[in-house]
Amino acid sequence: MKSRIVVGAHYGLRDWLAQRVTACVMALFTVIFVVKLLMLPEYTHEAWRAMFAGGFMRFITFLFWLSLFFHAWVGIRDIFMDYIKPVGIRLALHCVVLLLLIGYAGWAAQILWRL
Amino acid sequence: MSETAIKKPRPKHLDLIAIRLPLPGIVSILHRVSGAGLFLMLPVLLWLFGSSLASPESAAAAAACIANPFVKLVLFGLLWAYLHHFCAGIRFLFLDIHKGLDLPTARATSWAVLGVSLTLTVLIGAKLFLGGVI
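Protein sequences, first through last, are from chains D and B.
At position 69 of the first sequence the residue is numbered 69 (our numbering), and the sequence of numbers has no breaks.
One gets our numbering by counting positions in the second sequence from 1 and adding 1000 to each.
Any given hint might turn out to be false.
Covered stretches of chain B (chain D as the covering partner; in silico rule of three or more C-beta atoms under 8 Å from a C-beta of chain D) [claimed, not checked]: (1) 1039 to 1046; (2) 1051 to 1063; (3) 1090 to 1099; (4) 1111 to 1117.
It is worth saying that the hints were derived from the structure and are not from the lab.
As the structure is a computational prediction, the values presented were derived from the model and not from experiment.
Beta carbons: idealized from backbone N, C-alpha and C, even for Gly.
Bound-form chain D, shown alone (with noise of 0.2 Å):
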């Protein structure tokens, strides 16, 4: 077996695969979106938010955000394998990364369900 760095990448396809699932979920949750505000009556704050209040669009918009901070956890990790050497550093900044991320998707849940 290879070695295996503390803070490599997880090896194997997962990780490769899960930052193209996201990407297809964001992609069609962008498609979605413009179409949606496409067809708002009104660009006032009533119409934006009654855009967002039905289950449906808080449900997919949620998933936009979570497959959003997955991908972007992917991609940064990418960024730091290739310029951060120091394995302390780099550990680091990982978990500053991670931590930020799930307070985001709390933040993001937070901002939905309180509509």
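With the hints as your guide, set chain B onto chain D.
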């Protein structure tokens, strides 16, 4: 590869100024740069998204923030980043399934990514700006 081939000194162009990236390379590095920029601006985007939805007062506060020309410029930059990442990402998905790998096609789709994302940025940016949204 033979020993002599490995020991032969090779030209290295790690000087970023001296490296001239081919067109698909430019699309690739812009994909990375746009992704990193979007990640760094996530708190701002989440704040704007949340404020725009929470209440008329918070939406007005977000609108007041966006009224600043510098903020507008940053948002147009992020709009481009999103659109470039979107278009280049679709191109990479096709490359993943071995479509468009030959050089002429790869160059043509690179131009298409740059052109389409810039055009969409101008069109959507103008619509948002003229519509008073941004």
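Let me make sure I understand: some of the numbered hints might not hold for this structure. Which ones are they, in numerical order?
Violated hint: only 4; rest satisfied.
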